[in-house]
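Asker: Next come the chains, spelled out residue by residue.
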Amino acid sequence: MQADQTNHFRRFALIWAVATAILTPIVIFVFGPGLPPGNGTVESAGQVSDNTVLLALSTPVALGVLIFVGYCVWAFREPNPDGPVLDGPPITGNSSVQMWWLIVTTTLVLFLATFGSVRLLQDGAGGGQGPNPLSTPAGKALQVQVIAQQWEFTYRYPGYGGIETPHLVIPANTLVEFHVTSLDVVHSFWAYQLGVKADANPGLDNIAYVTTKSPMTFEVHCAELCGVWHGYMFDSGRVVSKASFATWIKGAEKTYGPAVKYLPPYSKTYFPSPVGRGG
Amino acid sequence: MVKRSLLVLTAALVVSVAIAMYVVLYLTNVPDSARAAQTSAGTELYLATVPAAALNDPHPSWVSYYQTNSRDTNWQHKTTFIVPANTLVHVTVFQYDGDSGLRNPFISQATGTVGGTFTLDGKTIQAIDPNTASHVFAIPQLGLSVPLQGVDGNAKNQCGNAPCTMSQAHQTITFSFRTGAKGSLYRWQCFVPCAAGYIDGFGGPMQTVGYMDGFVKVV
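Line by line, the protein sequences are chains B and H. So in our numbering, spot 233 of the first sequence is number 233, and the numbers just go up one at a time. Quick note, our numbering runs 279 ahead of the 1-based positions in the second sequence.
These are calculated hints, taken from the structure and not from any lab test. Do not rely on the hints blindly, as some may be mistaken.
Straight-line alpha carbon distances no greater than 20 Å define the calculated SDA-like cross-link-like pairs of lysine to any residue that follow [as the list claims (entries may be wrong)]: (1) B:K254 x H:T396; (2) H:K461 x H:N365; (3) B:K254 x H:Q405; (4) B:K254 x H:G394; (5) B:K254 x H:I404; (6) B:K261 x H:T411; (7) H:K402 x H:T451; (8) H:K402 x H:W354.
Reference listing, derived: stretches of chain B covered by chain H, where coverage requires no fewer than 3 residues with Cβ under 8 Å from a Cβ of chain H [stated by the list, open to error]: (9) 97 to 104; (10) 142 to 154; (11) 254 to 265.
Keep in mind it's a predicted model, so treat the numbers as computed, not measured. All residues carry an ideal CB built from backbone N, CA and C; glycine is no exception.
Looking at chain H on its own, in the form it has when it is part of the complex (with noise of 0.2 Å):
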């Protein structure tokens, strides 16, 4: 009787530390991540989006947005973004990417951004025409929403797979935004359909934390 009930005892033990260790696993296993930068202007964080992962990628035929400094040299494909608590972060996109358009025309206005605008090429605006929207840098749960605007179809010297070059046709978005409390973890993503080759452009890449998803760690 005795044996039987530590057998039990046992295997219940084993079973509850493996699913707490599948939900603690579950809850850490984020990817890879990189912190803003801290400048004399503030904390930045430098972004680009590109019409394909580089070649050696898991999904070389992906969109994806990767991290990049001021310069937009030394890409790197990570998605989770720490950035500190309660501090405006200027944004940065290099968007390298043509037009797809939104399913949605209201998300081509900005949102949650300071003063509700962001800039194009240097130029302050509001919102973008819907059908030129290439992606979106959006965190919901902070009311953050930008369009970033699609490189002309005709452009010259467009660039194919990441990493891209300041010499390549792009667009320039800039936004400033402000984060929360610390320990704060945020999802972030894109509103665009722009996986090709999946139904309505919403597979792969769009449904794949790393690419036009991630996350925000506020610390």
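Extracted from the complex, chain B is given alone in its bound form (with noise of 0.2 Å):
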């Protein structure tokens, strides 16, 4: 009975050794260079490298799950099915693997918490951090204020005179700081494209960075259950040449002029007065 275990053991490891040494390559280099969110942005670059080094750890754990239980399945099927049934063997302890089991996932798990805080902490990784960021790339960043409400994001450039858009534009090769609020319920915004996703938060700033690359088209959605139009609550922007961007904002002054008058002074955040017919 021993010496049968032994040799299962053998032949599974065997398999999925041999499964882990061909699909993981595969993994990493065939479908890690089209995983989500694209290189559009340094960020979302990141984005990627990080997605594929989650996959390519995640691999042979999901290999040897399913090795071992397709294995059991073929070696352990009942050989007889009109006989009688018949129990097992019983099942015993095997402090080895218990305590390799452990030390693999042990080691699996902190390494992850390691890997993704570090990579969290090199440039916020795309992410909201809040009004105070812990980690803020250095140069000049061109502000935007994303400002969610029911069921549309709208944008301020409080460096071009505080205007504020009903779309989003801004030039490649530039370090953007999103600063992500809101007027009603908790939003999310969700620039997908350039790996960016900050909860909008009423009468909080909360600040994402990314820094651009070449000129593009993105999606931007609410990703937090808003209401009634939350699935509608999506747009398209852009990345665009600095020239592009120029002329785009000096255009925009124009056209949405009219309302600047009316705009209060800007803020991180606002508390919108008034609250309509509240109760």
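Each of the two chains sits in its own frame; use the hints to bring them together as a complex.
Answerer: In structure tokens:
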């Protein structure tokens, strides 16, 4: 009985090792480059790398589980389905397996926790960091305020007279500092291809950074269930050349000029008044 | 074995059909719709906003949009508007409600209309004082947004529940916008927190399709 168990373990381990050796490089080099959210910005490219690391590490684990289940179904199937159902050999503990299980899983979890923390601290990884960011990328940033409301995002550019626009346009090869806030309920600003996701909370300035690369278009979605039209709270934005941005912002100042006199002075958060007919 | 497999397959089929029906019904089940009128002037859509729906409505205290006609009669509680594709639609809104004010003053400016303007009681303008806004007619997917100024609180002969009449205090707002491709389905909404009695004015009719929200169906 003991010899048979050892034989099964070796066969399983061999199948797992071969499958891992074949599939892990495929995952890294074939699937990795195509992982979301793409390489449009420095942050999104970093997220592609992070996702590749996570997928590469989870591949042997997933293979281990799947091969173990498959092997058990195949190797320990009922040899004679029409015969009497017999009880199998009793299950016994194996301290060596238990120890290695603990060592491997603990090492994996600790590595991933450390890896994730380091990556977050490097540049914020495109996530909202609250009003006092822990990691601030070096360089002068273009500030853009993202204002969420049921059910639309609008954008203010404090460096350009505080004008507000209904669409997001930012220049290429530029560090952008998003200040995300809300006028009503909790929303989430998710600029998918930019690799930016930051909650929009009323009364809070949530800061996220992104460094753009080439001109591109990107989608903006709300990622927090925020009411009846949450599913429709989306828009598209553009990363344009610096020259095109200069032209666009000049046009926007003219187009949205009539509303400027009604806008409140630029602020990190807003507490709109009146609150309508609220009860 | 075969019997069990058949049972599992049948159960899976039933569940799949049920899920598919749920999705189809969800996507197609929209409130009553009304077509824009075709006149010699083109495609016309006549709407009205009231402080409260008709007394026989399930929510007679809720603020609401209605569809009417050029004479502001024949009121219908329909908020899905059917319009032709790639067409200029001329919208007239008879606005009977008082002001509530906008949370975001930016929305006090009209966007997405022909010329970026609208008329308020015959006067062509681009924006209103955000504190005087009563409602907004906005189709965010088209970039269309028009603020509707509220009736003066001291005005005489104010309307309570729908239907209202032209002799009652109201504002008339007109604007035009161009529709998109055939088959498009847009949502429209109000941006003013106008739901009386709800937290920050954002509950009830603001969160229920058929009052301050609806669809624009392009055919």
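Asker: Indicate, hint by hint, whether the structure satisfies it.
Answerer: Consistency of the hints with the structure:
| no. | hint | in the structure |
| --- | --- | --- |
| 1 | B:K254 x H:T396 | 14 Å, holds |
| 2 | H:K461 x H:N365 | 8 Å, holds |
| 3 | B:K254 x H:Q405 | 12 Å, holds |
| 4 | B:K254 x H:G394 | 13 Å, holds |
| 5 | B:K254 x H:I404 | 15 Å, holds |
| 6 | B:K261 x H:T411 | 15 Å, holds |
| 7 | H:K402 x H:T451 | 10 Å, holds |
| 8 | H:K402 x H:W354 | 26 Å, violated |
| 9 | 97 to 104 | violated (count 0) |
| 10 | 142 to 154 | holds (count 6) |
| 11 | 254 to 265 | holds (count 7) |
In summary, the structure is inconsistent with hints 8 and 9 from the numbered list given earlier, while agreeing with the others.
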